[in-house]
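Trainee: Given next are the chains, with one letter for each unit.
There are 2 protein chains.
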Amino acid sequence: MEKYAVIDLLKNHRSIRKFTDEKLPDETIRMLVEAAQSASTSSYVQAYTIIGVTDPEKKKALKEISTQPYVENNGHLFVFVADYRRHRDLSEEKDAPINFHLTEQFIVGTVDAALAAQNLAVAAESIGLGICYIGSLRNDMAKVIEILELPEGTFPLFGMVAGFPAHEGSVKERLPFEAVYHENTYQHLDETKEEIEDYDERVSAYYKERTGGKRDDSWSDQVVGMLNKKQRLDVDEVVKKQGFLGQ
Amino acid sequence: MEKYAVIDLLKNHRSIRKFTDEKLPDETIRMLVEAAQSASTSSYVQAYTIIGVTDPEKKKALKEISTQPYVENNGHLFVFVADYRRHRDLSEEKDAPINFHLTEQFIVGTVDAALAAQNLAVAAESIGLGICYIGSLRNDMAKVIEILELPEGTFPLFGMVAGFPAHEGSVKERLPFEAVYHENTYQHLDETKEEIEDYDERVSAYYKERTGGKRDDSWSDQVVGMLNKKQRLDVDEVVKKQGFLGQ
Numbered sequence: 001m002e003k004y005a006v007i008d009l010l011k012n013h014r015s016i017r018k019f020t021d022e023k024l025p026d027e028t029i030r031m032l033v034e035a036a037q038s039a040s041t042s043s044y045v046q047a048y049t050i051i052g053v054t055d056p057e058k059k060k061a062l063k064e065i066s067t068q069p070y071v072e073n074n075g076h077l078f079v080f081v082a083d084y085r086r087h088r089d090l091s092e093e094k095d096a097p098i099n100f101h102l103t104e105q106f107i108v109g110t111v112d113a114a115l116a117a118q119n120l121a122v123a124a125e126s127i128g129l130g131i132c133y134i135g136s137l138r139n140d141m142a143k144v145i146e147i148l149e150l151p152e153g154t155f156p157l158f159g160m161v162a163g164f165p166a167h168e169g170s171v172k173e174r175l176p177f178e179a180v181y182h183e184n185t186y187q188h189l190d191e192t193k194e195e196i197e198d199y200d201e202r203v204s205a206y207y208k209e210r211t212g213g214k215r216d217d218s219w220s221d222q223v224v225g226m227l228n229k230k231q232r233l234d235v236d237e238v239v240k241k242q243g244f245l246g247q
Numbered sequence: 001m002e003k004y005a006v007i008d009l010l011k012n013h014r015s016i017r018k019f020t021d022e023k024l025p026d027e028t029i030r031m032l033v034e035a036a037q038s039a040s041t042s043s044y045v046q047a048y049t050i051i052g053v054t055d056p057e058k059k060k061a062l063k064e065i066s067t068q069p070y071v072e073n074n075g076h077l078f079v080f081v082a083d084y085r086r087h088r089d090l091s092e093e094k095d096a097p098i099n100f101h102l103t104e105q106f107i108v109g110t111v112d113a114a115l116a117a118q119n120l121a122v123a124a125e126s127i128g129l130g131i132c133y134i135g136s137l138r139n140d141m142a143k144v145i146e147i148l149e150l151p152e153g154t155f156p157l158f159g160m161v162a163g164f165p166a167h168e169g170s171v172k173e174r175l176p177f178e179a180v181y182h183e184n185t186y187q188h189l190d191e192t193k194e195e196i197e198d199y200d201e202r203v204s205a206y207y208k209e210r211t212g213g214k215r216d217d218s219w220s221d222q223v224v225g226m227l228n229k230k231q232r233l234d235v236d237e238v239v240k241k242q243g244f245l246g247q
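First to last, the sequence lines map onto chains A and B. Counted from 1, the first sequence has number 119 at position 119 by the working numbering; the numbering is strictly sequential. Counted from 1, the second sequence has number 26 at position 26 by the working numbering; the numbering is strictly sequential.
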């Protein structure tokens with residue numbers, strides 16, 4: 001393997017949103033999940049579960065939530081779930097109740113699941129598959145819980161579709177290195193204002209070119225516009241109902 | 001590149017906790033951070049910052065918090081920070097206040113940072129470096145915030161040390177595939193109880209062999225024992241003080 005081959009692979013990531021009809025073989029799914037499981041996990045706790053959704057009715061219902069057609073059609077749909085339920089069930093036998101309802105455990109479950117997911121994404125791309133994360137399952141978390149029969153002690157974080165790509169996709173430029181990597185102390189926006197302005201111009205030009213001039217919003221416009229709307233207000237209530245973020 | 005070379009790399013992950021004195025060159029740090037930035041990000045929001053800690057006083061102070069000697073000595077210390085501060089500062093100019101204080105944004109910031117971190121880990125291991133995540137920075141999150149001068153709108157999630165390995169480490173077996181990967185609906189513990197009992201025995205044997213018989217706790221013993229203790233009770237208060245998890 002060439003020294004920088006993996007770094008090149010990572011830097012070549014793009015989201016794929018159309019897949020061929022070819023199904024992922026069972027042995028590929030297993031290989032991807034095992035690669036996911038090899039990611040680091042906080043104190044060995046492995047506080048997540050991955051649900052593969054193949055039932056057409058369930059895929060259709062999840063697509064209604066996310067509104068993304070690729071959730072229903074083609075590709076293999078994985079849903080990543082923060083999971084302390086198995087620890088809780090094991091703890092009952094040992095008469096040692098666990099404290100998964102603290103904010104600390106919410107972070108651990110979320111991080112554990114995310115590290116596993118990113119390993120799965122890298123593994124998939126390394127064998128020529130394409131992937132797309134589906135955060136839009138959080139449009140209706142309660143419904144996802146119902147569809148996948150997720151018990152108390154668990155909650156769904158996001159989905160991911162992996163499959164044989166039917167388009168090329170394109171790499172979307174990230175924030176300037178200087179804006180994201182700071183040394184020793186936090187550096188405020190005004191220290192890299194110019195770099196972000198240049199970045200905004202490049203993002204705007206990218207959209208303009210790809211949409212034939214129909215869209216030309218900068219990165220700042222896009223993310224501030226999105227974060228200005230109050231979205232997914234029910235997430236808090238749902239995770240609390242599942243037993244998390246209590247005191 | 002051989003077809004499964006990257007999957008083999010991922011499955012070969014082990015934590016490295018001792019590093020040689022050799023420093024990571026600046027161009028390597030930049031390469032790793034850029035690989036991290038290439039990870040997927042929710043709605044392009046890129047809600048994280050990575051702080052490289054090189055100041056010996058700061059490293060010493062962070063080591064006091066984590067109690068892990070490798071935080072202070074050798075390796076390059078990265079701290080991953082969930083960050084909506086730059087979005088907030090940008091939003092002020094646009095007179096469009098952002099809603100980063102919702103549970104949804106807490107999830108997005110945590111997931112975005114974790115995906116980037118796992119890309120950094122994979123990139124580092126692919127060029128022969130070793131890594132270790134440092135969740136123990138959450139032993140005193142308020143102090144980490146003080147040391148790194150993290151403003152409202154940000155909070156530290158975890159650290160990672162990356163460097164030239166001074167030991168081999170060993171791969172720690174993960175939960176059985178059948179326990180972690182479910183199809184269509186959540187499968188409760190009793191459906192894979194036997195597989196987890198076998199796993200517990202193998203983990204116990206692994207510890208016994210590596211400690212010359214001094215330690216032989218199973219996976220279940222270890223994680224239930226850990227989760228039974230109330231730890232890091234201040235995390236909730238600290239993240240709220242930084243502006244998160246409000247209504």
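Rather than coming from a laboratory, the hints here were simulated on the basis of the structure. Because the structure is a prediction, the values reported are computed rather than measured. Errors might be hidden in some of the hints.
Pairs count within a copy or across copies, as identical chains cannot be separated in the list.
The list that follows gives simulated cross-link-like pairs (lysine-lysine, BS3-like), each with its CA atoms no further than 30 Å apart [claimed, not checked]: (1) K214 <-> K94; (2) K3 <-> K214; (3) K214 <-> K241; (4) K193 <-> K18; (5) K60 <-> K241.
Trainee: Quick check: which numbered hints come out false for this structure?
Mentor: 2, 3 and 4
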